[in-house]
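S.K.: Residue numbers (the numbering used here), protein chains in the order written: chain V, 341 to 784; chain F, 201 to 468.
In case anyone wonders, no lab produced these hints; they're calculated from the structure. Here the structure is a predicted model, which means the values were calculated and not measured. Accuracy of the hints is not assured; some may be wrong.
Straight line, CA to CA, 35 Å or less: simulated DSBU-like cross-link-like pairs of lysine-lysine [said to hold, decoys possible]: (1) V/Lys-378 / F/Lys-374; (2) F/Lys-364 / V/Lys-404; (3) F/Lys-365 / V/Lys-395; (4) V/Lys-699 / V/Lys-753; (5) F/Lys-364 / V/Lys-378; (6) F/Lys-401 / V/Lys-395; (7) F/Lys-319 / V/Lys-454; (8) V/Lys-395 / F/Lys-424; (9) F/Lys-295 / F/Lys-401; (10) V/Lys-541 / F/Lys-365; (11) F/Lys-424 / V/Lys-783.
Derived DEER-like restraints, expressed as beta-carbon distance ranges [unchecked claim]: (12) V/Gly-418 / F/Ala-444: 48 to 56 Å; (13) F/Gly-268 / V/Val-511: 33 to 41 Å; (14) F/Thr-342 / V/Leu-414: 29 to 37 Å; (15) F/Lys-374 / V/Gly-418: 37 to 45 Å; (16) V/Leu-497 / F/Ala-444: 17 to 25 Å; (17) F/Asp-360 / V/Leu-780: 23 to 31 Å.
Glycine included, C-beta positions come from ideal geometry on N, C-alpha and C.
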Amino acid sequence: MAKISSKWLALLGGVALGAASLAHAQDSGPLIDALVKKGILNDQEAEEIRADLIKDFGTSSAGKLNLSSALTELKLSGDARVRYEYRAGENGTTSDMQERNRYRYRLRLALTGKLQDGWFFGTRIEPLANNRSTNITAGNGVTTTTGPFNKEDSLALGQVYIGREMGDFTVTAGRMPNPLVSTSMVWDDDINPEGLAEQWKHEDGAVTWMANLGQFIYEGSGTTNPLSTATPPANLSRQNTYLWAVQGGAKAKVAEGVTVQAMPAYYTYSGSSTAQGVLTTPNSASLRPAGLSVIDIPVEVGFMVGGLPAKVFGDFAYNFDADARARTAGKPTFTNEDMAYQIGFGIGASKVKGDWEAKAFWQSVDAFALDTNLVDSDLFDSRTNMEGFVLQGVYVISNGVSVKFTYANADRKNDGLATYGSGDVGTANLTHYQLFQADLNVKF
Amino acid sequence: MKKSIVILAAVLAATAAHAQKLVIKGSDTLGAKLVPTLAEEYKAQHPGVSFEIAAEGSTTGIAAIIDGTAQIGMSSRRAKATEFSAASAKGVSMKPTIVAYDGIAVIVNEKSPITALTKKQVEQIFTGDVTDFSAVGGNAGTISVYTRNTSSGTYSDFKDLAMKKRDYAPSSQKMAGNEQIAAEVAKNVNGIGYVGLAYTKEPGTRVVMIDGGVPTKESVLAKKYPYARPTFYYTNGGATGEAAKFIAFTLGEEGQKIVEKIGFIPVK
Numbered sequence: 341m342a343k344i345s346s347k348w349l350a351l352l353g354g355v356a357l358g359a360a361s362l363a364h365a366q367d368s369g370p371l372i373d374a375l376v377k378k379g380i381l382n383d384q385e386a387e388e389i390r391a392d393l394i395k396d397f398g399t400s401s402a403g404k405l406n407l408s409s410a411l412t413e414l415k416l417s418g419d420a421r422v423r424y425e426y427r428a429g430e431n432g433t434t435s436d437m438q439e440r441n442r443y444r445y446r447l448r449l450a451l452t453g454k455l456q457d458g459w460f461f462g463t464r465i466e467p468l469a470n471n472r473s474t475n476i477t478a479g480n481g482v483t484t485t486t487g488p489f490n491k492e493d494s495l496a497l498g499q500v501y502i503g504r505e506m507g508d509f510t511v512t513a514g515r516m517p518n519p520l521v522s523t524s525m526v527w528d529d530d531i532n533p534e535g536l537a538e539q540w541k542h543e544d545g546a547v548t549w550m551a552n553l554g555q556f557i558y559e560g561s562g563t564t565n566p567l568s569t570a571t572p573p574a575n576l577s578r579q580n581t582y583l584w585a586v587q588g589g590a591k592a593k594v595a596e597g598v599t600v601q602a603m604p605a606y607y608t609y610s611g612s613s614t615a616q617g618v619l620t621t622p623n624s625a626s627l628r629p630a631g632l633s634v635i636d637i638p639v640e641v642g643f644m645v646g647g648l649p650a651k652v653f654g655d656f657a658y659n660f661d662a663d664a665r666a667r668t669a670g671k672p673t674f675t676n677e678d679m680a681y682q683i684g685f686g687i688g689a690s691k692v693k694g695d696w697e698a699k700a701f702w703q704s705v706d707a708f709a710l711d712t713n714l715v716d717s718d719l720f721d722s723r724t725n726m727e728g729f730v731l732q733g734v735y736v737i738s739n740g741v742s743v744k745f746t747y748a749n750a751d752r753k754n755d756g757l758a759t760y761g762s763g764d765v766g767t768a769n770l771t772h773y774q775l776f777q778a779d780l781n782v783k784f
Numbered sequence: 201m202k203k204s205i206v207i208l209a210a211v212l213a214a215t216a217a218h219a220q221k222l223v224i225k226g227s228d229t230l231g232a233k234l235v236p237t238l239a240e241e242y243k244a245q246h247p248g249v250s251f252e253i254a255a256e257g258s259t260t261g262i263a264a265i266i267d268g269t270a271q272i273g274m275s276s277r278r279a280k281a282t283e284f285s286a287a288s289a290k291g292v293s294m295k296p297t298i299v300a301y302d303g304i305a306v307i308v309n310e311k312s313p314i315t316a317l318t319k320k321q322v323e324q325i326f327t328g329d330v331t332d333f334s335a336v337g338g339n340a341g342t343i344s345v346y347t348r349n350t351s352s353g354t355y356s357d358f359k360d361l362a363m364k365k366r367d368y369a370p371s372s373q374k375m376a377g378n379e380q381i382a383a384e385v386a387k388n389v390n391g392i393g394y395v396g397l398a399y400t401k402e403p404g405t406r407v408v409m410i411d412g413g414v415p416t417k418e419s420v421l422a423k424k425y426p427y428a429r430p431t432f433y434y435t436n437g438g439a440t441g442e443a444a445k446f447i448a449f450t451l452g453e454e455g456q457k458i459v460e461k462i463g464f465i466p467v468k
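For reference, chain V alone in the conformation it holds in the complex:
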């Protein structure tokens, strides 16, 4: 009896050291096997202990989960944010100013998993169906019939994708996190493109080579050959609009602590849906990728300053079809509205408690240089034909909890043209714009 007790004591001590919680009960198998090997336990005793541990584990919350044996990893993650935002814009036509003070919040909940043979999947639930915003604005749901604290929020599938990793190659299908390397000048980071993506990443010494391809469904036309509503060829012209992306580049370590990354990309569109329509209402985001054939070159140089990571970054974009886009907008004489650039400096990191990060950049976007449906919706109010600066600071107050402050200040670039894009400020002639955001973020 005394011998058995000492065995149990040895095992319990081992379990306490190596696997302190019930959740680790299933992990105790190797420990039990080791005790059997050393002759401390015989097989029958080990089996009884194993059964007791599994029984205890089975009564815990984790033990009641029954996951598919095909899964090799399942991860629940997400983030929550509360935000104060001030946004103001001047109407160049009336010299009037519009201001908005908003208290906003959001929750994004992701479930991602890996399966055997490199297969993976991901889903993310987000509030609101808006492609460029997942914020709920406090008080916005109130109407005369609903009263205060009404909910305007709903749930939308922000991401649903399936993919497979095969060595250096990854293929993803569905509504996915943006697979392209880019900046807020070209792509709002809330956008999750739909379609197919192929990625290749290969490390070769100090150089990591990368290539990304995207075949995204920009707009679905519904029935491509509707019954009795049109006769050929009109009905045959109803096609989906596609955004095609090709990107290739590298990240190289050029000296100790110094890296350079350049990822040139080319974006073009195809299809003849209504999306290719005339650009007559410049303050509406309704689908119009007409006259867009854009080369985009995001570049980043990383180095150390006083023991802190720092970077100089920039993005340059040029639209080869800007003149056609100007004609579509009814402005055929504006033939040089084809370029956009961003240049800035950042220092610090925001990973663990006590970390801080600061960033500043200048951005200038010509009226017909970029797709107004993709550019960041906050910093310059989703507009093109704007130039100005952005300041950002982040401080990590606890692991996973951070505060972030953003200030943007921009002016209309060419007063002869509207500020194209669908902004929150209700004017097509935004001559001056300011944004201030204070965020409290939790990531889990």
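Start from chain V and add chain F according to the hints.
M.R.: Just chain F now, with coordinates in the frame of chain V:
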């Protein structure tokens, strides 16, 4: 009148004692040969005890203990956490007793040139990564994989021990028992399957060496053979009555001799 009732009760009690029935359900590995042999010997020594043995897979044995439809559940695998949870919910405390050791042998047709495989090759064959014997040193020919069905403990043990928990090849053919697997492999020169140690002498089949080793008493007990495993009786708590006596018989000298005679490795 009183006297008649007392006599009737005594007769009924005596009849009940003589009609003691032991219900044992579960593993085909244990229940096809070993347990029936043990039961025959036990019956010879304990007249009046009858047995109902159903060998339809370890899952059915564990389920029978949880449902209370058997006194002993035979299993060639450990009960899963979800089964322990289901048992707890019904107030059942499942207790495993190791009754024998086994090694899962990989078998091929006796005419096959394949004599040895690595663990990696076994994984590749049974998951369908490799579909032709020429890829593992044999003659060209599409491999026919024979496995147990999903209620079998051997089915899940083999997944755990040999296949890194991956799924079987979609083309694999699921058989009801060890004997059926051996019979199919014996008929098919491109067949491969697995059986418990007690079924390695079936005509027309040959055991394949795995990483240079075959399942023997020594390699299984020393846990050197990669597909070695214990086999179990599951009971609701400590067994009582006739079930306890039968378990004691299984673990006793006579029982363990039968274990060895049938082809399993004794626990003592």
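S.K.: All hints, please: hold or fail.
M.R.: Results of checking the hints against the structure:
no.: 1; hint: V/Lys-378 / F/Lys-374; in the structure: violated, 39 Å
no.: 2; hint: F/Lys-364 / V/Lys-404; in the structure: holds, 23 Å
no.: 3; hint: F/Lys-365 / V/Lys-395; in the structure: holds, 22 Å
no.: 4; hint: V/Lys-699 / V/Lys-753; in the structure: holds, 23 Å
no.: 5; hint: F/Lys-364 / V/Lys-378; in the structure: holds, 26 Å
no.: 6; hint: F/Lys-401 / V/Lys-395; in the structure: violated, 38 Å
no.: 7; hint: F/Lys-319 / V/Lys-454; in the structure: holds, 24 Å
no.: 8; hint: V/Lys-395 / F/Lys-424; in the structure: holds, 29 Å
no.: 9; hint: F/Lys-295 / F/Lys-401; in the structure: holds, 32 Å
no.: 10; hint: V/Lys-541 / F/Lys-365; in the structure: holds, 29 Å
no.: 11; hint: F/Lys-424 / V/Lys-783; in the structure: violated, 47 Å
no.: 12; hint: V/Gly-418 / F/Ala-444: 48 to 56 Å; in the structure: holds, 53 Å
no.: 13; hint: F/Gly-268 / V/Val-511: 33 to 41 Å; in the structure: violated, 51 Å
no.: 14; hint: F/Thr-342 / V/Leu-414: 29 to 37 Å; in the structure: holds, 35 Å
no.: 15; hint: F/Lys-374 / V/Gly-418: 37 to 45 Å; in the structure: holds, 41 Å
no.: 16; hint: V/Leu-497 / F/Ala-444: 17 to 25 Å; in the structure: violated, 57 Å
no.: 17; hint: F/Asp-360 / V/Leu-780: 23 to 31 Å; in the structure: violated, 46 Å
This entry does not satisfy hints 1, 6, 11, 13, 16, 17, going by the numbered hints stated previously.
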